[in-house]
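Hey, can you work out the whole structure from these sequences and the hints?
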Amino acid sequence: MKLISKPIILIHLSFLLSTIIKSYLVYGFNGPIILEDEFEYKQNAFHIFYNIPGFYIYYIPPLYPFVISVSFLFQDHYLIMKLINVVLTSLTIYPVYFLLKEFSQRKELHLSSIFTLLLPIQFSMPNLVMSENLFLPLFAVFLLYMVRVVKGFEIKNSILAGLFLGLLLLTRYFGVAIPPAIFLFFLILSIIGVEPYSRKQIFGSFLLIGLISSILYLPWIVYSFPKMTRIVTQFAISSSQEGVAISQTYTVSVWFLRYLFYLGIMVSPFLSIIVYSILTRFKKWNWLILDQYLLFVLLLSFSFLCLAAYQLRVTDIFNRYINGRYISYLILPWMIYFLINLSDEKVSEKNIKRWGLRLFSFIFTIIVLVLGYNLHFRGYPWRVAPNYIGSFNFMEGYLFVKYFKISFVYIVLLNGFLILFVHNWKKLYILSILPFFLLNMKAHYRDMEVYINPIIVAAHDIYKENSQKVKPVNIYYSTM
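Take the sequence shown: its position 435, counting from 1, is numbered 993 in our numbering, and each next residue is one higher.
Any given hint could turn out to be false.
[Said to hold, decoys possible] Below, simulated PhoX-like cross-link-like pairs (lysine-lysine); rule was C-alpha separation at most 25 Å, straight line:
#1 Lys-758 with Lys-714
#2 Lys-758 with Lys-709
#3 Lys-714 with Lys-659
#4 Lys-758 with Lys-665
#5 Lys-665 with Lys-709
#6 Lys-564 with Lys-659
#7 Lys-659 with Lys-709
[Said to hold, decoys possible] Simulated DEER-style distance windows between Cβ atoms:
#8 Arg-664 with Ile-750: 27 to 35 Å
#9 Val-812 with Phe-741: 25 to 33 Å
#10 Ile-925 with Ile-566: 34 to 42 Å
#11 Gly-914 with Tyr-808: 31 to 39 Å
#12 Ile-578 with Gly-751: 42 to 50 Å
In case anyone wonders, no lab produced these hints; they're calculated from the structure.
All C-beta atoms in this analysis are idealised placements derived from N, C-alpha and C, irrespective of residue type, glycine included.
Written out as structure tokens, the structure is:
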């Protein structure tokens, strides 16, 4: 009981336990690399540590290579890089914990931040030398300060939100999906108003966030601009030679649809509650005022989905491939929204008049799950090829590939009991979701080893001071 009365103690213990377990899993991984991108991150870190002029690859932002560059103090630098990943991903629990405290004083809700450590990305990405490991905790901190900004539009929180936005942009180019969402978010808030704050305060926070993030990000843009211009030009030429239309609305729309259903698979363990919560909050247009967090998450999701679809605009829509890790971090804000609604009495109250909404939310979840699974894993011509269904590409969907019957039945039953029959969602969710996450951990454990390419490792893991190596295939758009 003392631990429950002081949730931060359990948070510390959970962080420590997560770090120990994932360190053991990483130590047993027979890497070092699977993806070409990993070698490129490592080489940039190598250049930073040994102060070699320039970068091996310029389209990779510098922050993650800078963080892992300390690993070259040790002989087994690959292991140290992955232990750094373990710590980074486990740190996500802290900003989520403080974010949940912004919405409720219930200690049970604060403790639910532990579920952050059980997400699929926590068990897949630490094995890979990839920027997602740093992007995830920074993304959580950014969400925390954005919530604080909207609660008071204070200068301090606006500065910190801008700071972490700049760090996100310096970590992964997919961070460019965030500024458009911020712009639309503040534009809507300015139009509808947020009492008792003036439009001047709202606009001032927006400008401050943009200014701070630009100050951090622009030096890298200026430094890498000459190299990036050459890369973009070569990419455009190679794409035109292959007869691919770079701006093809239909292709982008199809990829957007595929990623949208993949997002549905990602949040399927709690999708019915999310849908029900949104429907119960919908009251004409003033629902936007009542739930700014939901508005921001919707805008973020749309922006990330658009960028992921645009990233594959040069890929044939009949190509049996999709990279789920482009949007994997979206599960974090949606899980937070779900956890917030667990403590909302208006949403969780047992009201017979809302049985229609409950049933609709449950049926909607089943439809999304069935369509998403068939679209990605069964249907033709968009079915993903088996050699692309790796736990690092399909972190959230991989469980359905490996244990489809168990996973599908479990998700259906979980959503059914949560939305239709149970008054106290919190207790049931805590008891019932743990086996699902444990099964997910088992599905990911050691599965990536089959994708290790010893030829790539042997050919690439050789250091030369001048770094005059043959660059990997498709380096111009394999990573953002």
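Now the hints, each set against the structure:
no.	hint	verdict
1	Lys-758 with Lys-714	holds (16 Å)
2	Lys-758 with Lys-709	holds (15 Å)
3	Lys-714 with Lys-659	holds (19 Å)
4	Lys-758 with Lys-665	violated (36 Å)
5	Lys-665 with Lys-709	holds (21 Å)
6	Lys-564 with Lys-659	holds (13 Å)
7	Lys-659 with Lys-709	holds (13 Å)
8	Arg-664 with Ile-750: 27 to 35 Å	holds (29 Å)
9	Val-812 with Phe-741: 25 to 33 Å	holds (26 Å)
10	Ile-925 with Ile-566: 34 to 42 Å	holds (41 Å)
11	Gly-914 with Tyr-808: 31 to 39 Å	holds (37 Å)
12	Ile-578 with Gly-751: 42 to 50 Å	holds (49 Å)
Hint 4 from the list above is the single one not met by this structure.
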